[in-house]
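One-letter residues, chain by chain:
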Amino acid sequence: MNRLPVCVAKLLFKSNNLTLKLFKVMKKIFDFWVFSHPTLKKLIMELKIVFLILLVSVSNVLAIPVYSQTAKVSLDMENISLEQVMDEIESQSEFYFIFNQKQIDVNRVVSIQDDNKLITDILPELFNGTNVNYLVFDRKILLTTDPLENNLLAIASATEAQQNRVTGTVTDKDGASLPGVNIVVTGTTVGAITDINGKYSIEVPQGSKSLTFTFIGMEPQEVSIGTMTQIDVTMTESAIGLGEVVVIGFGTAKKENLTGAISNIKTEGILTTTHTSLAQSLAGKVAGLQIRQNSGEPGRFDESINIRGFGSPLYIIDGITRGSGVDFQKLNPEDIESISVIKDASAAIFGINAANGVVIVTTKRGAEGKVKFRIHSVIGTSTPTNLLEMCNSSQYMDIRNDADVNAGRPAYISKEELDKYHAGGPGYESTDWYDATFKSHAVMQQHTFSAEGGNKTVSYFTSIGYQNEGSFMRSGDMYYKKYNFRANINSNFTKNLVAQIDLSGFLDERYQPGNKDYFFIYKGTTVSLPTDKVYANNNPAYLSNTFMDQSPVAFSNANITGYISEKNKVFTSKASLTYTVPFVKGLKIKGIAAYDTYNGLDKSLSKSYFTYAYDALTDNYLPKLLRSPSSISNSYSDNNFLILQGHVIYNTKLADVHNIGVTLVYEQKQSWSRIARLSRDYDAFYTNDQINQASTTNQQTSGNESESATMSYLGRFNYDYKSKYLVEFAFRYDGSYRYHPDSRWGFFPVVSGGWRLSEENFIKDNIPFLSNLKIRASYGLVGEDAGNPFQYTTGFTTTGGGGYEFTNGSYLAGAAFPSIANEKLTWYTSNIKDIGLEFDFFRGKLSGEFDVYQRDREGLLATRVVSLPNTFGASLPQENLNGDRTRGIDFSIGHNNNIGKFHYSVKANFNFVRTMNCYVERAPYTSSWDRWKNGNTDRWNDMIWGYSYAGQFQTIDEVIYYPGQNGTQGNLKELPGDYKYEDITGDGVINNNDMLPLLWNGQPKLFYGITFNGQWKGFDFNALFQGSGKYTLKFNANYVTVLMFNGANQPAYFWDRWHLSDPYDPTSAWVAGKYPPSRMNKDVGSMYKESDRWRYDASYLRFKNLGIGYTFAQTVIKKVGLSNLRVYCNASNIFTICQKIVKPFDPEKLPESTATAGNFNSGYTYPLTKSFNFGINVTF
Amino acid sequence: MKLFKYIFCIIIAIALSNCSEDMLDLKPKDMLDVNTLLGDPAGVEVIMANLYYKLPVEDFLYYPRLGYDQYYGKTRNNLNRGEICAQLTDDANYTDKSTILDNTGLEYWDYSYIRNINQLIDIIPTLTIKDEDKATLLAECSFLRAYAYFEMVKRYGGVPIIKIIQEWTGNVEVLKVPRNTEKETWDFVMSECDVAIAGLPEVNKSSSRRANKFVALALKSRAALHAASVAKYWNKAPLIGTAVDQGLVGMPASDANGYYIQCIEASEAIMNSGKYSLYMPTPANPAVAAENYRKLFEDPNVAPMESIFISGFVSPIREQAHNYDVMFGPVQCSQGWNFSGRCNPTLDLVDIYESYSNPGQSAPIVTTTDGVTNDYNGYKASNPYIRWDNTYDIFNGKDARLFASVILPGTTWKGITIVIQAGYVQPDGVAKIETKQDITVNGVKYYTFGGANTTQYSGFDLFSGTQTLTGFSLKKFLQEAVNVTPKAESSTSDWVDMRYAEVLLNYAEAVVESGYTANDAQTKAFEAMNSTRRRAGHTVDIPLTLTNVFRERRVELAFENKRIWDLLRRREYHEVFTGTVRHALAPVLDLRVDPPKYIFVRKYRSSETAKTFLPRQYYRSIPDVAASGLVQNPEY
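If you're matching them up, the sequences are chains C and A in order.
All residue numbers for the first sequence refer to our numbering, where the first residue is 64 and numbers rise by one.
All residue numbers for the second sequence refer to our numbering, where the first residue is 883 and numbers rise by one.
Watch out, some of these pointers could steer you wrong.
[Unchecked claim] Straight-line C-alpha distance at most 27 Å; calculated BS3-like pairs for lysine-lysine:
#1 K1036(C) to K1369(A)
#2 K544(C) to K502(C)
#3 K687(C) to K1296(A)
#4 K1493(A) to K1036(C)
#5 K1152(C) to K979(A)
#6 K1036(C) to K979(A)
#7 K1318(A) to K687(C)
#8 K827(C) to K318(C)
#9 K687(C) to K1327(A)
#10 K1157(A) to K666(C)
#11 K632(C) to K911(A)
#12 K1318(A) to K1145(C)
#13 K272(C) to K716(C)
Don't read these hints as lab results, they were simulated from the structure.
Taking the hints into account, I'd like the entire structure generated from these sequences.
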């Protein structure tokens, strides 16, 4: 505790002044209605003032010269530390305490009850019976155990002599007084607030340079003190959102001076959503930032993050290129100060790999001031957004029986047996496999504890966090846990030398049962038959045999089938020194070194297990051994990144109108990594899950190392004239280890400019309510790494060749022959153009940004293999051949307003983008039809060709006379109720030639989001709607296939099918249904051909998030020693509007993802969740 | 504060000192130094390991439906899911699919392999090894090239013969090489074999699994017989088109004898060398013969005298292990593995095996007292079925090799009785065959397929796809003693690609077909054919006729991927498959009698549609002629 410099000055009003002010406000409102709009802006300001006054009126103590004779304090505290009492006195009054900590025991427990008493009455009570002497000197209270006489002079000189009083009046530009203006001695926390007449009085410590005046809606002002004792200030209005500082590549810029397309979101905007993935906290909030959640699996983090449809962006965290999208998603949102999204060629300053845009994350730093502790805890529960109903055993048997009958085979089961399934008696019940495996909800919790503060020389922000996300598994064997920490430290070594040390890291673990992906567990719930049982003879000691041996109950239990545990240990560090060159104004030199290390520690155990068939005849359980042998593996990866940067930064202003900035940077990046994997099988008996306890038979190892290096020189020059005409040029010269020495250096420039029309007098004079209007444009070149490194050289390698057993029992690894190299291979380039418009009317009433953009890529990799004769015997190397073009628009519109005490804002953002192929290397077209059907060049690449659905066959005659649609089989396999397709060519055959580009592909082209924010008194409220459009979903597995895998279960909707009225009488009449007659895959004709019958429009709008919070009034929480307390609850994925058929799969999930390889477009991924969270945020 | 200034300067200095482009000169860590590798014979062996790995041997990994070049097979993604050549013929079925050779599959077009061999041929003269080692290596390269071209010519007819390494200069046209004629290509195979025969030692010092003189002779014996058959029988299924006009496919019958003689001479060189003989040529009785024959394929290393060329499989790592045990073993022994029992030998093949009591004749399975064996229309209550106490005795007296090659209903395998039952006849005479519906008669419950679930039976249950639908399951090659891990790529038993018995039968066929008489050929051929019969326990020799040679060849070499090429080279495929459905033998429990007994129903295999082979399929379609400009084969 260092109390000497701490002085919290408060300006307090008499309550009768408030009444007067309210009267004035009401009068103004009346004026407004009478005299219409000219007073509108004033009114808004008045409302703000009222709001402020409400917040700060605490007591009616008035500041007069002999403060101690008038200031009264009320205390009602029992068994509380002396320190807290002192705090309370300081908070109720302008008094502050001065003492030596060695002398005064601030932890002493006291009780005190005083109502509206003078300090001189309180102090004797407080220190009665102690050796503490006290002295009240104006607003200072000296506590000491020494004789007072010894201190008196010292105090007088130490306090009075060092303090100056400055008073003054603050007005707006019309001369009206401004109450509630915040005045701070620059660089300190010493402050005051203007009173009802706009007057203030502040004690200024000696040596202070200036005062800073701030007020909502006004431009901040800094006024130097000099020898003045009275400073009157006139404040001018600022437009909302302007003056905001945005982090850009290698620097910062004011929002209004940006010439590139850069979106920015601050911590408050991020934290309205609660989710384990940071990406989910951004979804729908930033124009052009496309985020799609592909699964809700704990710890999976397979959100696709994409800027403007360009592809995976580059992530820059605190100025350093760091990690992947997954690492980005694992950042603790609480640590983040702001995120900038660079959407256009401004990214060129990041050089290679910035072609898809850049996400810049800036973490929090501490500021000078008393230490502030913050605790944030959230607990939540979630349920799947939607679930799919599968066939019960009666429905399944109907379909299964039909499948044989419809294919001309004998019925699968007898009529008597089928009737028993319909009746559902003992032994014929349905098993709900989903219910047997999963529970209804999962639980999540997140906690962060942070501390920030500092003094003149050192400031810090530190945090530790914990996250635990459970799953729906009944077994409890799937979860994700994360521990993270961060320490960002600033140190001013001297006036001109500032150091920053940032350390952060996390440990996390993703644990899943069954030694298989969730995919298999979920698949198990859909393919296992409702007629199978979980346990043989319903005896829980014996898992039952099931169809395809996919029992999800076994897979979801780590004790039965094993587990996979993926752990990461990540440590990132950065040290920087900034030297402000004293003899050249505006010149800074900066050096940065960053070292990050990522360690992966994966372990997997696969256990063999038994399932059983119960033989009632003998009362035996017949075992079936599955997944034998048991095996265990460990794998380790160690990845290291070292980045060094040197910056020279120069900013100057010439003739007060020419702002010039220059930034020059050298950067080098190096990385090296090593992986190793070891595994063993268990012989007959599984011992325990340690490598050493497994058998030495079939033990395997593998490992490899790799390294990389790049060097870059980059620079930026910006110039503006009175912030009116803005020009910027930036470049990066990048060298990469990946390419031949002659092709490894690339130059990536960008030029951009802006014109702030609103700064022109002809606009200011004629359209005064136009607070900001800017047009801007950028044009530049960015690079992207192409293909594998070292393609410029070749040689024999043991990795590509096969081996042979020349001696029985021993394997000799062979060496593959060299392939053909391409010394000219280099990165591909992206040429990005962007034109944008920014506007703001009525200072935030209506603001927006609108951008159109185009990216042309050249040099995408392709091989000329298709045109080579296949007797050549080698494939050509990859070359920079192909090109494509992405075009889109994005815009955002915002509205801020106050209605009474209710402040609210609405923001909407929108992005529409398509990509076309410009050149695609391919074989010559064989015909004009080939060109039409298979051509790519200059065509949008987002369409899918399909057959045109023409209804269902109604009769067998219709099937016979309809054009053949199943190749050489004609319509032999078609039945009434099957789908028929249009014969587009009219040639009597339905084949490839009849396909048309009818359907959008699986990638959304349209993204939008709408956010609402509101505050009223202590309440805050936010809502987020988010949606995507212009894309389709197609699933492959049993969601869209009857009796997949020769007899697996299927969704219940397939029961509504064409079928014979009596399956045991082939001549009986057909009964119509929504789906075709049920058959095994091998027996169907054209039923599953690509058409809109199976590929559904997946456009959706979802109520993504709703949050309500309440911040307790200061008066209440001060008493319990807190400085801020907010509680909130929020809910996510509350409802979704989309086609009914895609709901159970959730349209946001991506079935055609390659991210989760091997999912066969099945939709067997972890469901997205609807969640409800409760959180508490405490600062003290 | 000076200290910090120094630190700052150091950071800048580090950054600047690293400003050397050397930093970017990294080397890939996965490439071997070419000079080091080729300067040492052991390094050459490393290269050979890759070339033998890519040698197109139709072994355990061969996945004919998709061909070597496709995903499976010799690019060794090694997912042979239980599909083998026999299933494309009348010898077997795939359990729940019904296929024969059609327009796709069975492809092998691997000019990258030819290029690699040519690369090595170019490098060898530059090596610092002894000249004699260089000559041997060059001869070995010729063997590999002969093998690869043989595999191409037997599929496509004439193909471009490329002996140099073509360079890419940006001009596609100069790379285009026209097809050689079929005859030129066969002759190239013959001449490459001759180079190998002349240059290779009788024993390869490095490994018995690399080519030697006799391996090259065996290859020539096989290839020459194929070429001769194509010439002789081409006109049985003639084709027309440009490829025919240019001689790219087809050869005149007059060329046949020349190739037959080359086959005879190559075979004879092996027979006369005294280096090879049959394994266990004189068994005590058929039971011993059966066990000897089974062991030969369980592990061909037990018979070095018969195994001329072995394709090795090693511990289950990487690509060098196979799936035969897990894919073909009966489901009752599957230990939970999901894809068992996938090769179902047909009744057609089982019928072919002779009985010891009637040598020289096929011995069809007789199921009725009237001896009718050509009624495949299924169960009829009125048929005079013979009733048996079990499902096994009906096969008594057949050739030992049947018992060693096929799991029959009731066979004991790995200590488990393999239950194969298609259904039952109710006491009222109505049969429930291949329809799952258990029945209780006189208080006793009978399961349709002879057991409660698939851990207890291996046949006729359509539901699970692991069941035989012909009544038989594959046994040849499977390991009875070794219990492999029930997962993919678990088997490491070796494949014998060339064995002495094939050489004998090649010789016998060539002699019979050509009427060759020199060097006492007729007698030697008679002896050759009967020697493999004697090894199977036969004691009565049969005359040297084409029919007898072919029955013997089909039986002796069953499932060794020979039948499909025999049907193709001799132009018999279209005769065998002309609206053909393969046949099954269904053991049925007859509940009309008490205690119940077994009857057998000869029937068409269920779920199989009639199959017809089109003559154009005698040649595969040339891939990607659009880019190469090659003349396509007829009718594609």
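Check your understanding: Hint numbers the structure violates, sorted upward?
Key -> 1, 10
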